[in-house]
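Going down the list, the sequences are from chains A and B. Under this note's numbering, the residue at position 114 of the first sequence is numbered 114, and the numbers go up by one with no gaps. Under this note's numbering, the residue at position 152 of the second sequence is numbered 351, and the numbers go up by one with no gaps.
I should point out that these hints are in silico values taken from the structure, not numbers from a laboratory. One or more hints might be untrue.
Said to hold, decoys possible - The calculated lysine to aspartate or glutamate pairs, modelled on EDC-like cross-linking and capped at a C-alpha distance of 20 Å, are: (1) 218/B / 256/B; (2) 392/B / 159/A; (3) 392/B / 31/A; (4) 56/A / 122/A; (5) 393/B / 92/A; (6) 203/B / 28/A.
Protein chains: 2
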Amino acid sequence: MEFKDIVMKRYAAKKFDGKAVPQKKIDELLELIRFAPSSFNLQTWKVKIVTDKVTKEKLKAAAWNQEQITTCSHLLVFCANTDVLGNIDHLEKTMLGNGATHEQIKGYVNMMRGFEEGMSAERKLTWAQKQCYIALGNAMNGATSLGLDSCPMEGFSPEQFAQILDLPKGLVPTVICPIGYAADSPMPKLRFKKEELFF
Amino acid sequence: MEFKDIVMKRYAAKKFDGKAVPQKKIDELLELIRFAPSSFNLQTWKVKIVTDKVTKEKLKAAAWNQEQITTCSHLLVFCANTDVLGNIDHLEKTMLGNGATHEQIKGYVNMMRGFEEGMSAERKLTWAQKQCYIALGNAMNGATSLGLDSCPMEGFSPEQFAQILDLPKGLVPTVICPIGYAADSPMPKLRFKKEELFF
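With the rest of the complex left out, here is chain A:
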């Protein structure tokens, strides 16, 4: 499917039909998310995948009882990974393990470390969260490209989600995206005019 068609076809499904998406398709979708770009390639996010019915019911109650959560197949919970320093160390190791030399990546690693040092805890969180939205974009477009439906959702309690999912400290639920087969129909797309958004 051409990207233009993906963009025009994608919509926020308000209800799913409950059918399970085959694991092979989910694996393809996760690869599209995994290769999303991020600042410094630091990939400051992790995605908790929820398929369990009981857990979904609990999460639904922490998300204004929106039924996308219980009717979808896989619920993706995009979490900002606020351990930026840990990610720098991890990226450094990954690059070295991939054949780079200390000498080759020294400047890059030092730049990241300097950047990290200058950030408050709050700024680390919002910065990591922004990167989540790029990954989310690939999830939504990726789902459409695979014949699946999705719905970006911010209306939930991050604190309650963290508790229900027993998330490690440092992972902050940021935006969620149920994946499945839609049981509703898209409304016609409405956007501001071109001249209202570009100048």
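Knowing the structure of chain A, use the given hints to seat chain B on it.
Showing chain B alone in chain A's frame:
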């Protein structure tokens, strides 16, 4: 081009060849950005498009002298539109102009107004900025789908950019994306392992 191929082909071009992208292609790209999703469909962003050489030189100086800025064809400056209330009014008018009745959209509009009232100025900014990253994602993937190259960049001074571009109050430069034809070659893609990002 299949979305999978777009995701794997896209990379952050470090240098462009200076050639101008035809307006028709830019128009197609802007449509892909315009139809990006956003929270409540509020489209809390505007994009300043810079092609002028003198302005690009000034911006380059406010962006660590990164040469993508002067070698690209079109520089997209994604600005968060922090006038959330203005956007709600505007979306309401747009929906009414599109044939919806006050009765039909009353609940939706009231929900948005209640949400806006609960946000601090700082939260409005970070929330609007997050939406910019979804639009940025469509810009990057969209560029690749159109045979163009791009580079997401956060390393610039938002204050200086706002001043150089004489931006209206309320528009905050958030992330920039030069568009053009790359004059470098992509490095092999490196990402954390699947099991390190999904759980």
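So, going through the hints one by one against the coordinates:
no.: 1; hint: 218/B / 256/B; in the structure: holds (16 Å)
no.: 2; hint: 392/B / 159/A; in the structure: violated (27 Å)
no.: 3; hint: 392/B / 31/A; in the structure: holds (10 Å)
no.: 4; hint: 56/A / 122/A; in the structure: violated (29 Å)
no.: 5; hint: 393/B / 92/A; in the structure: holds (17 Å)
no.: 6; hint: 203/B / 28/A; in the structure: holds (9 Å)
Hints 2 and 4, counting from the list given before, are not met by this structure.
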